[in-house]
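Participant: In case you want the letters, here they are:
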Amino acid sequence: DVKVTQSSRYLVKRTGEKVFLECVQDMDHENMFWYRQDPGLGLRLIYFSYDVKMKEKGDIPEGYSVSREKKERFSLILESASTNQTSMYLCASSLLGAQSYEQYFGPGTRLTVT
Amino acid sequence: EDKVVQSPLSLVVHEGDTVTLNCSYEVTNFRSLLWYKQEKKAPTFLFMLTSSGIEKKSGRLSSILDKKELFSILNITATQTGDSAVYLCAVYGGSQGNLIFGKGTKLSVKP
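Protein chains in written order, with the numbering used here: chain Z, 1 to 114; chain R, 1 to 111.
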């Protein structure tokens with residue numbers, strides 16, 4: 001069974017803080033993704049990675065950065081958290097050849113920025 | 001602009017009813033269409049459709065794709081309260097070849 005885990009289920013941070021969201025997958029998947037999910041907007045892609053040390057911007061990368069130092073781990077970084085980054089963050093992974101394989105999702109981190 | 005549109009946005013039915021969820025898309029470089037079920041947490045994969053007219057089936061759930069009319073439907077027969085969830089439709093395509101998600105259909109099944 002594919003397992004994608006995220007470091008926290010719930011997180012509360014203050015405006016201006018640096019925030020790290022960690023994602024780990026145990027199936028040796030090449031592709032990893034970060035999405036945010038907001039009511040009425042659905043899932044939107046923030047960043048993705050096809051390989052270690054490789055990253056690509058998704059649809060809404062502003063205010064975020066990512067790091068992939070190891071194949072199994074993909075981190076999302078909010079350099080200076082703002083209230084409009086309050087959201088549910090979902091990590092996903094898939095085999096290479098992304099369009100041929102389903103993405104497996106982690107349980108999500110609900111981040112509140114006050 | 002690439003887009004995936006799901007309808008209805010929400011639906012309330014009673015146990016035993018049959019429901020049909022709709023997903024239409026306008027996506028360049030279409031590769032495949034996926035359905036996910038999302039309860040309180042992670043979306044879980046249901047189906048991947050790549051060819052028109054071929055029904056995929058899993059228990060009481062089935063889905064079909066029409067690449068000419070650019071839509072897919074997800075059918076659930078004899079609904080149960082455990083089917084209550086948000087159902088997400090997503091299409092692989094666009095300029096980056098990533099998944100483009102619809103906003104989801106929230107299904108509530110009343111006992």
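Simulated from the structure, these hints should not be mistaken for lab results. Given the structure is predicted, the values throughout are model-derived calculations rather than measurements. Treat the hints with care, since some could be wrong.
[What the hints assert, rightly or not] The calculated lysine-lysine pairs, modelled on DSS-like cross-linking and capped at a C-alpha distance of 27 Å, are:
#1 Z/K3 / R/K56
#2 R/K57 / Z/K3
#3 R/K57 / Z/K13
#4 R/K56 / R/K67
#5 Z/K13 / R/K3
#6 Z/K3 / R/K40
#7 R/K103 / Z/K57
#8 Z/K18 / R/K41
#9 Z/K3 / R/K41
#10 R/K57 / R/K67
#11 R/K41 / Z/K70
#12 Z/K57 / R/K57
#13 Z/K55 / R/K57
#14 Z/K57 / R/K41
#15 R/K68 / Z/K3
#16 Z/K55 / R/K103
#17 Z/K3 / R/K103
#18 Z/K71 / R/K41
#19 R/K67 / Z/K3
#20 Z/K57 / R/K110
#21 Z/K55 / R/K106
Participant: Hints first: check each against the structure and report whether it holds.
Facilitator: Evaluated hints:
{"no.": "1", "hint": "Z/K3 / R/K56", "verdict": "holds (25 Å)"}
{"no.": "2", "hint": "R/K57 / Z/K3", "verdict": "holds (24 Å)"}
{"no.": "3", "hint": "R/K57 / Z/K13", "verdict": "violated (44 Å)"}
{"no.": "4", "hint": "R/K56 / R/K67", "verdict": "holds (15 Å)"}
{"no.": "5", "hint": "Z/K13 / R/K3", "verdict": "violated (33 Å)"}
{"no.": "6", "hint": "Z/K3 / R/K40", "verdict": "holds (17 Å)"}
{"no.": "7", "hint": "R/K103 / Z/K57", "verdict": "holds (21 Å)"}
{"no.": "8", "hint": "Z/K18 / R/K41", "verdict": "holds (25 Å)"}
{"no.": "9", "hint": "Z/K3 / R/K41", "verdict": "holds (14 Å)"}
{"no.": "10", "hint": "R/K57 / R/K67", "verdict": "holds (18 Å)"}
{"no.": "11", "hint": "R/K41 / Z/K70", "verdict": "holds (25 Å)"}
{"no.": "12", "hint": "Z/K57 / R/K57", "verdict": "violated (35 Å)"}
{"no.": "13", "hint": "Z/K55 / R/K57", "verdict": "violated (36 Å)"}
{"no.": "14", "hint": "Z/K57 / R/K41", "verdict": "holds (25 Å)"}
{"no.": "15", "hint": "R/K68 / Z/K3", "verdict": "violated (36 Å)"}
{"no.": "16", "hint": "Z/K55 / R/K103", "verdict": "holds (25 Å)"}
{"no.": "17", "hint": "Z/K3 / R/K103", "verdict": "holds (25 Å)"}
{"no.": "18", "hint": "Z/K71 / R/K41", "verdict": "holds (24 Å)"}
{"no.": "19", "hint": "R/K67 / Z/K3", "verdict": "violated (32 Å)"}
{"no.": "20", "hint": "Z/K57 / R/K110", "verdict": "violated (41 Å)"}
{"no.": "21", "hint": "Z/K55 / R/K106", "verdict": "violated (33 Å)"}
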